[in-house]
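Chains as they are written, first to last, in the UniProt record's numbering: chain D, 1 to 266; chain W, 1 to 259.
None of these hints come from the bench; they were simulated from the model.
Warning: the hint list may mix true and false statements.
To be verified - Using 25 Å as the maximum straight-line C-alpha spacing, the simulated PhoX-like pairs for lysine-lysine come out as follows:
hint, chain 1, residue 1, chain 2, residue 2
1, W, K220, D, K214
2, W, K64, W, K220
3, W, K226, W, K37
4, W, K8, D, K172
5, D, K157, W, K8
6, D, K214, W, K226
7, D, K45, D, K214
8, W, K64, W, K52
9, D, K157, D, K172
10, W, K159, W, K96
11, W, K178, W, K159
12, W, K52, W, K220
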Amino acid sequence: MVALFLLPLLLILGVSFFSRSTFGGIEMPLTLENYVRFIDPLYIKILWISCVLAFFTTAICLVLGYPFAYIIARSPASYRNILLLLIIVPFWTNSLIRTYAWIVLLRTEGVINTLLQQMGIISQPLSLLYNETAVLIGLVYTMLPFMILPLYASIEKLDRSLLEASSDLGAKPLQTFWKVTLPLTAPGIMAGSLLVFIPSLGLFFIPDLMGGSKTVLIGNLIKNQFLTARDWPFGSASSIILMALTLLFITAYILISKDKSGKELM
Amino acid sequence: MRHSLGSKLSVFYASLIYLFLYMPIAILILYSFNQSKLNAVWTGFTFDWYFKLMQNSDVLEAMKTSLIVALISTIAATMIGTLAAVGMYRYHFRGKTALDAMLYLPIVIPEIVMGISMLALFAQLKVPLGYMTLIAAHITFSVPFVVVVVRARLAGFDKSIEEAAMDLGATPWQTFVKVTIPVIAPGILAAAMLAFTLSLDDVIISFFVAGPASATLPLKIFSMVKFGVTPEINALSTLMLVVTLVIVIFAERLRMRKQ
Numbered sequence: 001m002v003a004l005f006l007l008p009l010l011l012i013l014g015v016s017f018f019s020r021s022t023f024g025g026i027e028m029p030l031t032l033e034n035y036v037r038f039i040d041p042l043y044i045k046i047l048w049i050s051c052v053l054a055f056f057t058t059a060i061c062l063v064l065g066y067p068f069a070y071i072i073a074r075s076p077a078s079y080r081n082i083l084l085l086l087i088i089v090p091f092w093t094n095s096l097i098r099t100y101a102w103i104v105l106l107r108t109e110g111v112i113n114t115l116l117q118q119m120g121i122i123s124q125p126l127s128l129l130y131n132e133t134a135v136l137i138g139l140v141y142t143m144l145p146f147m148i149l150p151l152y153a154s155i156e157k158l159d160r161s162l163l164e165a166s167s168d169l170g171a172k173p174l175q176t177f178w179k180v181t182l183p184l185t186a187p188g189i190m191a192g193s194l195l196v197f198i199p200s201l202g203l204f205f206i207p208d209l210m211g212g213s214k215t216v217l218i219g220n221l222i223k224n225q226f227l228t229a230r231d232w233p234f235g236s237a238s239s240i241i242l243m244a245l246t247l248l249f250i251t252a253y254i255l256i257s258k259d260k261s262g263k264e265l266m
Numbered sequence: 001m002r003h004s005l006g007s008k009l010s011v012f013y014a015s016l017i018y019l020f021l022y023m024p025i026a027i028l029i030l031y032s033f034n035q036s037k038l039n040a041v042w043t044g045f046t047f048d049w050y051f052k053l054m055q056n057s058d059v060l061e062a063m064k065t066s067l068i069v070a071l072i073s074t075i076a077a078t079m080i081g082t083l084a085a086v087g088m089y090r091y092h093f094r095g096k097t098a099l100d101a102m103l104y105l106p107i108v109i110p111e112i113v114m115g116i117s118m119l120a121l122f123a124q125l126k127v128p129l130g131y132m133t134l135i136a137a138h139i140t141f142s143v144p145f146v147v148v149v150v151r152a153r154l155a156g157f158d159k160s161i162e163e164a165a166m167d168l169g170a171t172p173w174q175t176f177v178k179v180t181i182p183v184i185a186p187g188i189l190a191a192a193m194l195a196f197t198l199s200l201d202d203v204i205i206s207f208f209v210a211g212p213a214s215a216t217l218p219l220k221i222f223s224m225v226k227f228g229v230t231p232e233i234n235a236l237s238t239l240m241l242v243v244t245l246v247i248v249i250f251a252e253r254l255r256m257r258k259q
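Isolated chain W (complex conformation) (with noise of 0.2 Å):
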């Protein structure tokens, strides 16, 4: 008697948890198909707000700027990362403790001093706002992240195999780009992935290195924000959940089919 009740309890106050979670999303995506300009009442269904969205110039420049950053950014830091990773796994080598350490700095200190302090460097280095400086930012900051789960995939990366490549005659070149990176290549595509909605999500530091013409998707959804609020933002906001989300849970798929 006691045990039902309390798991009822237990089934209750997971739902408001639940509830509390997803309560403001859901209201988000379904305004964004209400006629009225209020996010209030209900009037009728429609996707004006989507096709205005797509007449909005700003919007297209921002999402087209988001996308260019994300992916050279995902590129870079997939590749920097892997290496990284890599090296890691294989080789020691002193300080190896303390790049160790180093690494997930960026993880562990707050993102407005990593965005601040990289606005600092810029403005000293004279390198204008703009893609580059936004780019460069966010190979920064995805690198950490692409280590981590790589190596997590290395962790159970037979070493003989790569040994056996070698005394077959591969070079370690070729032992790299034929054995190490097709076994561990699940976990890079993850990486890759993670870093692309990090990249895509990011606002803080963005915030700091974007320049005037290179806003991306979520600085001009937070220029809007402090405007007002429109059924156009929530139908830009719901279409980044879509696209993050996609992409997030194929991610997710693939780091989990390795167990």
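Excised from the complex, chain D in its bound form (with noise of 0.2 Å):
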């Protein structure tokens, strides 16, 4: 049964050692060209872009996931489940359903501009989809909940007399805040981070359908390979190097968290 899965991923890693044929096929020699090839300024920049989109997905779900979180873990426990159902239930639905819901409010004839038009505010239409920020914005709604539940699950664990103790012991709240609770939902905040940074850099149908064609991150970098380019070796070559990327992020994250539960938090 893990055949099932470890079989193509190992098949990928050979591929990505061949040479493309002339008909898009793969034939030998073997050759690392495939991973040279890659750092060229303009994928190791589709790289770079990537990794930057993903980190600001993550950055602003944490920054508008965390206080939610606080919120939910801290109202009475009689609403908390309800509360924690309502962040799911948009997260059962299909992610491209909900790409597309954005689609509707911001092309240009979309909801936004036409209610703006005509309540007058603006007189032609904002270009509010096919850039990066609207890329940002699907990625931000998909991968909210993935980042919304860990940190409830991390908060809603902290035992309060801690805070009680530190703001007893003189520290204000921004002090206990830094230096009790963010270190103690840490856990919480490494996972969610996990979460939503790793899929980001993978989503290639958000960039294709809301950022136009102007962003190609690595998802659609390796699809076009792929399907369009018909170039396999390096297709799996960029595949193993998102992989690869991957891996380190979720064995760092192994890693520190293994760290943390030893020693003494700082």
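Bring the two chains, given one by one in their own frames, into a single complex with the hints.
Here's what the structure looks like:
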């Protein structure tokens, strides 16, 4: 059963060392060329932009999600499950449909532009869609629940008496937050960040639909190498690079969280 | 005084986030009932887009594909996943930890890499893309989720009832069917429903492994959105939202019942 998903991955790893044949297949000789090719300013830039966008997605999700998770975790227990359920409900549904919903809102003849024009606030429609901000909105919208849930889990576990102790000892609310709440909920922050960051790198349809074709991310690059350019070896190499990056982040996460559980939190 | 201001701010902030989460979906549903072809000005209530949808043979075909694929892959993934969960719960063997870690691999690696690698595998094996590849891929990504859910249910399982059944003369198979399965049944059902919605909603992996004649509903929506935005897509999306929500809420209630 494990072979079912291990085999394809090994195959990709294998293909990434072959050369591309004239007709889009793979042929000998074995080469590192595909990886060397990736060290091109063009591709490095794509990877860099993908990481930057994923980073901003994660950061915005964290900033929006933290206070929200905190509010839910501190709300009366009888409401809590309902409030939480309301967060999960949208993410049970198709992420493509949620992306489409934003297109309906943002496009030139969309809901927001029409409303603003009718109210006389603007005379020309704003170009809200097909830029990087739109991609960012789409990503944040799709990923937000993945940030809120782990944050909620760790904030809910937080022992309130520690906060009281901190303020009894004279800490100001901000100090308590910075020195007690934040470090103690760090596992939630890290888990949430990981859950948001990794999928953000690969969601090719959000840049496709909301960014026009202007924003090429690593996910789009991989997709195009396989389906359009038919350069499987290079597409495979790009996938391996993406996966290596992912595993790097996961390993870092595991190491840090193990470290944290053992030692005094800083 | 300060407290009440704080709690008012909290309510306000939480409401804003809920608005952010629900407004796009609400607008999408609302405009599926709008007479105008533009998703902008409200001109009147209509069911037209739903009727149009029902006459669109491409959409009906995609709907059929989605349901067949979801049904078959759910049944297969639930069986495989349940057996794996029970096996891993009951037996200790070499390499269990490694297998355990491997099982979570499809949950953590980027979906696009999964999709690509399966496409590569099918191409190497010369399997033409279509129903078979779609179903195989959906089984693959559903199994780990089934294992996770069934295992959670097994965690509270009292092994002594299985032992009691065996002591009373039941064969291992009878014990499994008559004792183990009924006890973990809610978990299995919840897992099956999760697998079903995962399959029904999957975009990225299906995008790579579906053949030209086997587009699923999400893939159909994807290609429709690329051509332009019409209320028909709103209607289709609304239908998918409703179906997904009904299944998931039902599954959640099953899962919650054990607590």
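Each hint tested on the structure:
no., hint, in the structure
1, W:K220 with D:K214, "holds (23 Å)"
2, W:K64 with W:K220, "holds (12 Å)"
3, W:K226 with W:K37, "holds (17 Å)"
4, W:K8 with D:K172, "holds (21 Å)"
5, D:K157 with W:K8, "holds (24 Å)"
6, D:K214 with W:K226, "holds (15 Å)"
7, D:K45 with D:K214, "holds (14 Å)"
8, W:K64 with W:K52, "holds (17 Å)"
9, D:K157 with D:K172, "holds (22 Å)"
10, W:K159 with W:K96, "holds (20 Å)"
11, W:K178 with W:K159, "holds (14 Å)"
12, W:K52 with W:K220, "holds (15 Å)"
Checked against the numbered hints listed earlier, the structure breaks none of them; every hint is satisfied.
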